[in-house]
Amino acid sequence: MSERAYSASEMMIVTAAHMLQGARTVFVGVGLPNIACNLARRTVAPDIELIYESGVYGARPERLPLSIGDPTLVSGATSVVSMADLFGLYLQRGLVEVALLGGAQIDRYGNLNTTVIGDYRKPKTRLPGSGGACEIATNAQRSFMIMRLKRRAFVDKLDFITSPGHLTGGDSRARLGIPGAGPEMVITDMGLLNFANAEREMQLCALYPGGSADQVQAEVGWPLRSAAKIDSVDPPSTEELRLIREEIDPAGMYR
Amino acid sequence: MNKPAKADKRVSMKEAIAECVHDSASIAIEGFTGFICFAAGHEIIRQGRRDLTLMRMTPDLIYDQMIAAGTTRKLIFSYMGNPGVGSLYCIRRAVEKDVPRPLELEEYSHYGMVGRYAAGAARMPFFPLRSYLGTDMLDANPLIKVIDDPYGGGKIAVVPPLNPDVAILHAQRADRQGNTQLWGLLGMQKEVAFASQRVIVVVEEIVDESVIRADPNRTLIPGLIVDAVVHEPYGAYPSYVQGYYDRDNEAYIAWDKLSQDHNAVKAWLDEWVYGLENHAAYVRKLGESYLARLKPEPLVAAPVDYGRYR
Numbered sequence: 126m127s128e129r130a131y132s133a134s135e136m137m138i139v140t141a142a143h144m145l146q147g148a149r150t151v152f153v154g155v156g157l158p159n160i161a162c163n164l165a166r167r168t169v170a171p172d173i174e175l176i177y178e179s180g181v182y183g184a185r186p187e188r189l190p191l192s193i194g195d196p197t198l199v200s201g202a203t204s205v206v207s208m209a210d211l212f213g214l215y216l217q218r219g220l221v222e223v224a225l226l227g228g229a230q231i232d233r234y235g236n237l238n239t240t241v242i243g244d245y246r247k248p249k250t251r252l253p254g255s256g257g258a259c260e261i262a263t264n265a266q267r268s269f270m271i272m273r274l275k276r277r278a279f280v281d282k283l284d285f286i287t288s289p290g291h292l293t294g295g296d297s298r299a300r301l302g303i304p305g306a307g308p309e310m311v312i313t314d315m316g317l318l319n320f321a322n323a324e325r326e327m328q329l330c331a332l333y334p335g336g337s338a339d340q341v342q343a344e345v346g347w348p349l350r351s352a353a354k355i356d357s358v359d360p361p362s363t364e365e366l367r368l369i370r371e372e373i374d375p376a377g378m379y380r
Numbered sequence: 040m041n042k043p044a045k046a047d048k049r050v051s052m053k054e055a056i057a058e059c060v061h062d063s064a065s066i067a068i069e070g071f072t073g074f075i076c077f078a079a080g081h082e083i084i085r086q087g088r089r090d091l092t093l094m095r096m097t098p099d100l101i102y103d104q105m106i107a108a109g110t111t112r113k114l115i116f117s118y119m120g121n122p123g124v125g126s127l128y129c130i131r132r133a134v135e136k137d138v139p140r141p142l143e144l145e146e147y148s149h150y151g152m153v154g155r156y157a158a159g160a161a162r163m164p165f166f167p168l169r170s171y172l173g174t175d176m177l178d179a180n181p182l183i184k185v186i187d188d189p190y191g192g193g194k195i196a197v198v199p200p201l202n203p204d205v206a207i208l209h210a211q212r213a214d215r216q217g218n219t220q221l222w223g224l225l226g227m228q229k230e231v232a233f234a235s236q237r238v239i240v241v242v243e244e245i246v247d248e249s250v251i252r253a254d255p256n257r258t259l260i261p262g263l264i265v266d267a268v269v270h271e272p273y274g275a276y277p278s279y280v281q282g283y284y285d286r287d288n289e290a291y292i293a294w295d296k297l298s299q300d301h302n303a304v305k306a307w308l309d310e311w312v313y314g315l316e317n318h319a320a321y322v323r324k325l326g327e328s329y330l331a332r333l334k335p336e337p338l339v340a341a342p343v344d345y346g347r348y349r
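These protein sequence lines map, in sequence, to chains A and B.
Start counting the first sequence at 126; every next residue gets the next number (my numbering).
Start counting the second sequence at 40; every next residue gets the next number (my numbering).
Be a bit skeptical, because a hint or two may be false.
[What the hints assert, rightly or not] When the alpha-carbon atoms are kept at most 25 Å apart in a straight line, the in silico BS3-like pairs for lysine-lysine are as follows:
id, chain 1, residue 1, chain 2, residue 2
1, A, Lys275, A, Lys249
2, A, Lys282, A, Lys249
3, B, Lys194, B, Lys184
4, B, Lys324, B, Lys296
5, B, Lys184, A, Lys247
6, B, Lys136, A, Lys249
7, B, Lys305, B, Lys53
8, B, Lys53, A, Lys249
9, B, Lys305, B, Lys334
10, B, Lys113, A, Lys247
11, A, Lys354, A, Lys247
12, A, Lys247, B, Lys324
13, B, Lys296, B, Lys53
14, B, Lys113, A, Lys249
15, B, Lys305, B, Lys136
16, B, Lys184, B, Lys113
The hints are simulated quantities; they were obtained by calculation from the structure and are not laboratory data.
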């Protein structure tokens, strides 16, 4: 039995970390984004400050946080502030350069649903809701999404818009006066999707080793556009895999 | 109106809940995924309160348990999950299947909830924030409104003040008058305390007033707005208290499994809540050695010099 040298999760983590090259601040969630941001700080973005919605600026977590309010984020951090200050003075003030988001559903304009599957008043599945996602998607200068490609997640129409992407496309976001530039890239388990066209509509722009455009389309619930040129993405380096496996996620919680 | 000065506000949890938390009251047991006063939630269940409106940004396991016990009519929140683990199945059963009774939801984003508490605390009519534009959150909750900035800055969302009848807040230490010090994640506790009509603080340690006065920057909640002080070690177990104990993550993972079955939840409540006299009995049942493993290694800050000016 042959074993792959790296997992799909590791590929997503490393690709997301590369996107943070040169960034000064990033708004971090738990799970894969947390590993990606901590990897970026140790590799391509040594000056990056990790900001957590629980009120932490400049975190240096010694373990993977069990939740977004884990005290490991506090110990050794640059500053701990109230959530009113975190959302007002850091996020809404415009100090967050990049945010990493995810959701149960995403549409072609990068709008996200984390609220319900089915009707809001009589939901088939009640999801957690916004948390900080709505204001993060609104105010972060740039947003990246990390989501596995699945037909039930990449849908033609969201059951509920929790967090604004490019809304109905084009300049609809800017016309409403929403401060951040909106979704820039969707990092999936097969390749990358960006919004670099006038309609701000999701398009395939890069594939991971072994991936194909047909495989991606099979998991997307609308006819997916394609960029003029499809790039290839390098697999994780040995050092990146070592950092993830030995230092950041030694228990393999997100492998 | 200010509360009369009282040299010693210490009471038992049983007394604090009996005195402050009545049927149909609105209650905020706050603290952002840590400092969650499970001891108070369990006592409210034990005393059989009904028709409560519960407020909390992240309902967490404690509201899952209180809602499963049938205490609650309505939930005001911003993130309904078992943080870092998964779903809150009891709340979902209430929402999706009306078990054990229907639950009304009123939902915001995190900043919206923080803003509601902040407006409530400062007795302001609303709190403006850059959020919600272009989303279905506005349709889901008509209390979130979009208005014209009176200074010509375009559309802006506003949320109304939130003033709970009772706030229950856990912290590391307080003196007998309720001057309360908290370090670690400050969350929204200050705003919740000032927003609420009555405040119960629950602490790991009662300290002398001189300890508080030696480090006034750390006092988050003044005794001026505190009605009751409860000394309850491990009162926030199984959630975190910075420097005192870690989250019992196994308990959070176990709840994820157990809570998927309403009868299993009822049996759990019988054994761990109804079957015990108080939180001290809960702590005894868990055992000292079980809890000791949750104690973090020390990481002590350098002392600061306030200076003596006279």
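So, going through the hints one by one against the coordinates:
| no. | hint | in the structure |
| --- | --- | --- |
| 1 | A:Lys275 <-> A:Lys249 | 19 Å, holds |
| 2 | A:Lys282 <-> A:Lys249 | 16 Å, holds |
| 3 | B:Lys194 <-> B:Lys184 | 10 Å, holds |
| 4 | B:Lys324 <-> B:Lys296 | 21 Å, holds |
| 5 | B:Lys184 <-> A:Lys247 | 23 Å, holds |
| 6 | B:Lys136 <-> A:Lys249 | 10 Å, holds |
| 7 | B:Lys305 <-> B:Lys53 | 22 Å, holds |
| 8 | B:Lys53 <-> A:Lys249 | 39 Å, violated |
| 9 | B:Lys305 <-> B:Lys334 | 30 Å, violated |
| 10 | B:Lys113 <-> A:Lys247 | 16 Å, holds |
| 11 | A:Lys354 <-> A:Lys247 | 44 Å, violated |
| 12 | A:Lys247 <-> B:Lys324 | 40 Å, violated |
| 13 | B:Lys296 <-> B:Lys53 | 30 Å, violated |
| 14 | B:Lys113 <-> A:Lys249 | 20 Å, holds |
| 15 | B:Lys305 <-> B:Lys136 | 17 Å, holds |
| 16 | B:Lys184 <-> B:Lys113 | 21 Å, holds |
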